[in-house]
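Starting from the structure of chain A, add chain B with the ligands where the hints point.
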Amino acid sequence: MVKIFTIKDLNIWFGSAHALKDVSMDIYVNEILSIIGPSNSGKTTFLRMLNRLNDLNHNCKMEGNVKFEEEDIKNIEVELLRKRVGMVFALPLALPLSIFDNVAYGVRMHGKVKKQSLKDIVEKSLQEAYLWDEVKDRLNESAFKLSGGQQQRLCIARTLAVEPEVILFDEPCSGLDPISTAKVEEAMVILKQNYTIVLVTNNVKQAARVGDRTAFFLNGELIELNKTENIFTAPKDKRTDGYISGKFG
Amino acid sequence: MRNPYRTQKIAFSLLFLATLLIVVPVGLIVIVIIFKGFPAINWQFLSDIPRQGMRSGGIFPAIIGTLYLVAGAIIFALPIGLLAAIYLSEYSKENVLNRIIRLAIINLSGVPSVVYGLFGLALFVVFFKFGASILAGSLTLGIMILPVIITTSREALESVPDSFREVSLSLGVSKWQTIRHIVLPNAIPGILTGTILGLGRAAGETAPILFTVAAFYLPRLPKSIFDQAMALPYHLYVISTQVPNVDEKIRYGTALVLLALVLFMNLVAIIIRYQFRRRKKW
Ligand SMILES: Nc1ncnc2c1ncn2[C@@H]1O[C@H](COP(=O)(O)OP(=O)(O)OP(=O)(O)O)[C@@H](O)[C@H]1O
Ligand SMILES: [Mg+2]
Numbered sequence: 000m001v002k003i004f005t006i007k008d009l010n011i012w013f014g015s016a017h018a019l020k021d022v023s024m025d026i027y028v029n030e031i032l033s034i035i036g037p038s039n040s041g042k043t044t045f046l047r048m049l050n051r052l053n054d055l056n057h058n059c060k061m062e063g064n065v066k067f068e069e070e071d072i073k074n075i076e077v078e079l080l081r082k083r084v085g086m087v088f089a090l091p092l093a094l095p096l097s098i099f100d101n102v103a104y105g106v107r108m109h110g111k112v113k114k115q116s117l118k119d120i121v122e123k124s125l126q127e128a129y130l131w132d133e134v135k136d137r138l139n140e141s142a143f144k145l146s147g148g149q150q151q152r153l154c155i156a157r158t159l160a161v162e163p164e165v166i167l168f169d170e171p172c173s174g175l176d177p178i179s180t181a182k183v184e185e186a187m188v189i190l191k192q193n194y195t196i197v198l199v200t201n202n203v204k205q206a207a208r209v210g211d212r213t214a215f216f217l218n219g220e221l222i223e224l225n226k227t228e229n230i231f232t233a234p235k236d237k238r239t240d241g242y243i244s245g246k247f248g
Numbered sequence: 000m001r002n003p004y005r006t007q008k009i010a011f012s013l014l015f016l017a018t019l020l021i022v023v024p025v026g027l028i029v030i031v032i033i034f035k036g037f038p039a040i041n042w043q044f045l046s047d048i049p050r051q052g053m054r055s056g057g058i059f060p061a062i063i064g065t066l067y068l069v070a071g072a073i074i075f076a077l078p079i080g081l082l083a084a085i086y087l088s089e090y091s092k093e094n095v096l097n098r099i100i101r102l103a104i105i106n107l108s109g110v111p112s113v114v115y116g117l118f119g120l121a122l123f124v125v126f127f128k129f130g131a132s133i134l135a136g137s138l139t140l141g142i143m144i145l146p147v148i149i150t151t152s153r154e155a156l157e158s159v160p161d162s163f164r165e166v167s168l169s170l171g172v173s174k175w176q177t178i179r180h181i182v183l184p185n186a187i188p189g190i191l192t193g194t195i196l197g198l199g200r201a202a203g204e205t206a207p208i209l210f211t212v213a214a215f216y217l218p219r220l221p222k223s224i225f226d227q228a229m230a231l232p233y234h235l236y237v238i239s240t241q242v243p244n245v246d247e248k249i250r251y252g253t254a255l256v257l258l259a260l261v262l263f264m265n266l267v268a269i270i271i272r273y274q275f276r277r278r279k280k281w
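So the protein lines, in turn, are chains A and B. Residues in the first sequence are numbered from 0 upward in steps of one, following numbering that gives the first Met the number 0. Residues in the second sequence are numbered from 0 upward in steps of one, following numbering that gives the first Met the number 0.
Just chain B, same shape as in the assembly:
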C-alpha cells in the first residue's frame, strides 16, 4: 500500500536533510572562524602594519591591498563585461559563431584560478611590463571574474520581457535608447548579482595574485598602481604555511577579516539590489 501522504513526508525530510547538509558545514566554518578569530580583532590588528615577521602587529596593508585589487578588478571588468553582455543579448544574431562564444564564456568561468594567474604573469607582468603590481593583479582578477559578470548580466538582460522592447521600438524610439532606458534599468538587480559573485571571488582568490601582485611582506601601503601590495588571502596563506610559530589567533583573525570583508561587500550589493527590486513594478 502506497500512502501518498507518507511519500510526501519522506520526500520533504530528504529535501530538508540535503539543505541541512549544506547549511551545517558552512555554518560550522563561520562559527569556528568567528570563535577562534574574534579574540585577535582589535583596533591595532585592523590598523597597524605587520610586525616581528608577521607574528604580531596588524594586517592593515593586506586589507587595503585587497580593497585596491577588488576595486581595480571591478572597475576593469564591470564596464567591459556589461558591454559584452549587451552585445550578446541585444545585438548578436543567433548563429554558430555566437553560440560558440557563449559556450566559451560559460566554460571560462570553470577555468582554475591558477591558470588565470599564469596568464596574468605572462601578459601583464612580462609582456606589458607592468611588473608585479596592483595594475597587473587587478587586471588578472578582472579577467578571471569577467565570465561570471558577462554570463549573469546577459541572463539579466535576457530576462527583461521582449514586449517592453517591442513597445519602446514601436514608438519610434531607437534601439540604443530602448536598451539604455528600458532594458538596462530593469536588468540592474541581476547585473548586481553577477557583480557580487565577482567581487567575492576577486577578494578571496590567492592563485591569480600570487605571481602578479602579492607581496610576501611589505609593511607599508602601496604608493601607486605600479606598486606591489599585500592581500588578505595571500597573507593568510603565508602566515598559515610559510612562517612558523604564528599565533593561531592571528591566522583566524585574518580569516575573519577576509570573511567579513566579503560579507560586507555582498551586503551592500544586496541592499542596493533590494532597493531596485522594490522599485521594479511588473
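Same shape as in the complex, but just chain A:
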C-alpha cells in the first residue's frame, strides 16, 4: 500500500492546552480512514492539521514531522496543499452564492477555465456528490434554499470540484437525518475509488460501515489504529472496547 501521509511524533498545543500527544500514523492512498473518539479527543485538531487549517489559529503550536507524499507539509505552499487536501466541515457551510457558483468557486479562483468546461466540472462534481438530480433545474438559485442535507452534499461537490487527492470529512453527517446520512455515506464509498478519505465521526456505526481502517483517539492520544473489522471485533485496548460498546464517551 502506498503512503500518502506519514505522521511522526505529532504534538499540537492551543496555548497551554495539549490537544494532540505524540501521534504517529500513516495514511494510505485510496483508503477510508475513520477516526472515532469522544468529544475533545483531538479529532478535529488532527484533521485540520492535515491541510494546515490550524495555521489560522495564532494560538496553535505544532511539533513533529508530517509528510504529504514524501514532502514535509510545512514546505509545501499552503494554497497548493489545501487544494490537494480538501475539507468538508461538520456544519454544511454553503457560501452566499448560487448553487452553481458554490461549486464553481474554487475552480474559478484557481485560474482561467472555459465556460463550457466549468459547466462540465460543476455537473460532474454534483453527480459525484449525489446531488445533481435534485438541483440540475435550479443551479442559479441561492444555495441557502437547499435543505441541510443537500447543502452538505453541495459542500462535498464544491470540494470535489478542485480535484483534491485527499478529502477530510469532519463529522459530515452530524446534522443530518438518516436518509441524507445514507446518501453522504454512499457518496463516500464511491469516492474512495479515486480519493483518499479521512473521516472523523461521532457515530461509531458509521465508522464500522464505511471505514477500511479505524483510529481511536482519547484525550489527544492515538489509542488504537487497525483494520475496521479488527477494531470492532477484537479491540486490543480496554478503552477502545469501552468506547465502541458504549460504556463511556
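Please keep in mind that the hints were generated in silico from the structure rather than gathered at the bench. Computed from a predicted structure; not experimentally measured. Don't take each hint at face value.
Claimed, not checked - Derived pair list, reagent style DSBU-like, types lysine-lysine, alpha-carbon separation capped at 30 Å: (1) A:144 / B:174; (2) A:60 / B:128; (3) A:113 / B:174; (4) B:92 / A:60; (5) A:73 / B:35; (6) A:118 / B:174; (7) A:66 / B:35; (8) A:20 / A:73; (9) A:73 / B:128; (10) B:92 / A:123; (11) A:204 / A:182; (12) A:114 / B:174; (13) A:66 / B:92; (14) B:92 / A:20; (15) A:144 / A:111.
Coordinates of chain B with the ligands only, in the frame set by chain A:
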C-alpha cells in the same frame, strides 16, 4: 402587589417617550427649515451666483463647492479607509500595538472638527503649499472622516462569518482572493453605512473648511482643485452672522438646500445598500 403587565406598560411608555424626545426636536427642526426656507427655493436661487453682497441672487457656487469638497473627501478617504480596515480586520494580529491603533482610531472620530481644520491649515495649506484650495479642504475633510470610515468598514468586515473565510481557504484559495471575492462583497452594506456617515459629516462641517478652502465671497465657479471655493455650511454661517440684513428666507433656503443635499446623498447610499441587502443570502 406587583403587576407584571402594568410594569411592562410603564416600561413601554418610557421607551416610547424617549423615542419621542429624540424624534420630535429633529422633526421640528426639519419642519421649521422647510417652512421658512421653501419660499426662497426657485431656479434662480439654485443656479445663480450670489448678488448684492449675498443679499440676493443664488447659491450655485456654494452648492458646487460643497459637492466638490465631498467628492474629494470621499475619493481620498474611502480607498485609504477601506485598505486600513482590511488590514486591521484581516491581517493585523491581536497584540498591544494593534489594540492601541484601534483605540486611537475610535478616539480620533471624537476629535473636534476645528482641530482638523487647524491641522489641515498647518499640513496642507502651509507645509505642502497647496494654499487655501479645494485640494487642501478635501484632504482635511477626508482625514476628518477617515476614522468613521475605518471603524464602520472594519466592523462590517469583521461581521462576515469566519466560516466563509475558512471554507474559501480550505479550497486552496489565497487569502487575498478570499478577501476580494468573499469577505468584501458581503461587507459592502456596512462599508456603505460608514461612507454615508462620512459623506454627511463632510458636507455639513464648517470648521475644517474655514481655514483650508472656504471663500467668503467668490461669485464664480472654481477653476481647478487649487482654487478656493464657496461651500454651503460656511456660506450659511457667513450670511447668518457676518453680513447684516440678509433676508431670513435666504438663510433658511440655504439651510434647506444643505439639508436636502445631505439627505439626498444618504438616500442614494441607502438605496444601494438595500440592493445589496436583498442580494445577501445568509
Ligand atoms: N481553536 C481552538 N482554540 C483553543 N483550543 C482549542 C481550539 N480547537 C481545539 N481546541 C482544544 O483542543 C482539544 C481538542 O479539540 P478538538 O476540537 O480537536 O476535539 P474533537 O475530538 O474534534 O471534539 P468533538 O468531538 O467535540 O468535535 C480540546 O481540548 C479543545 O479545547
Ligand atoms: Mg470535532
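Query raised in the report: Regarding the pair residue 92 of chain B and residue 20 of chain A, is the alpha-carbon distance no greater than 30 Å?
Result: Distance of about 27 Å is within 30 Å: holds.
Query raised in the report: residue 204 of chain A and residue 182 of chain A: Cα distance at most 30 Å?
Result: holds, 15 Å
Report task. Mind checking the alpha carbons of residue 60 of chain A and residue 128 of chain B for me, to see if they're no more than 30 Å apart? Result -> Since the Cα atoms of residue 60 of chain A and residue 128 of chain B sit roughly 53 Å apart, the hinted pair is violated (cutoff 30 Å).
**Report entry** Pairwise hint evaluation, residue 174 of chain B against residue 114 of chain A, where the allowed Cα distance is 30 Å at most
**Finding:** Holds, at about 25 Å.
**Report entry** Pairwise hint evaluation, residue 35 of chain B against residue 66 of chain A, where the allowed Cα distance is 30 Å at most
**Finding:** The hint is violated at about 78 Å.
Query raised in the report: Does the alpha-carbon distance linking residue 73 of chain A and residue 35 of chain B stay inside the 30 Å limit?
Result: violated, 72 Å
Requested in this report: Verify the proposed pairing of residue 144 of chain A with residue 174 of chain B, using a straight-line Cα cut of 30 Å.
Outcome: holds, 28 Å
Query raised in the report: Does the alpha-carbon distance linking residue 92 of chain B and residue 123 of chain A stay inside the 30 Å limit?
Result: Cα-Cα ~40 Å, so violated.
Query raised in the report: Does residue 66 of chain A pair with residue 92 of chain B here, judged by a C-alpha cut-off of 30 Å?
Result: Holds - the C-alpha atoms of residue 92 of chain B and residue 66 of chain A are around 28 Å apart, at most 30 Å.
Query - Pair hint outcome, residue 92 of chain B versus residue 60 of chain A [Cα-Cα no greater than 30 Å] - result: holds, 16 Å
Query raised in the report: Holds or violated: residue 118 of chain A with residue 174 of chain B, Cα cutoff 30 Å?
Result: holds, 25 Å
Requested in this report: Below or equal to 30 Å on CA atoms is what counts here, so check residue 144 of chain A against residue 111 of chain A.
Outcome: Within the cut-off at roughly 29 Å; holds.
Of the numbered hints stated above, those contradicted by the structure are hints 2, 5, 7, 9 and 10, listed in ascending order.
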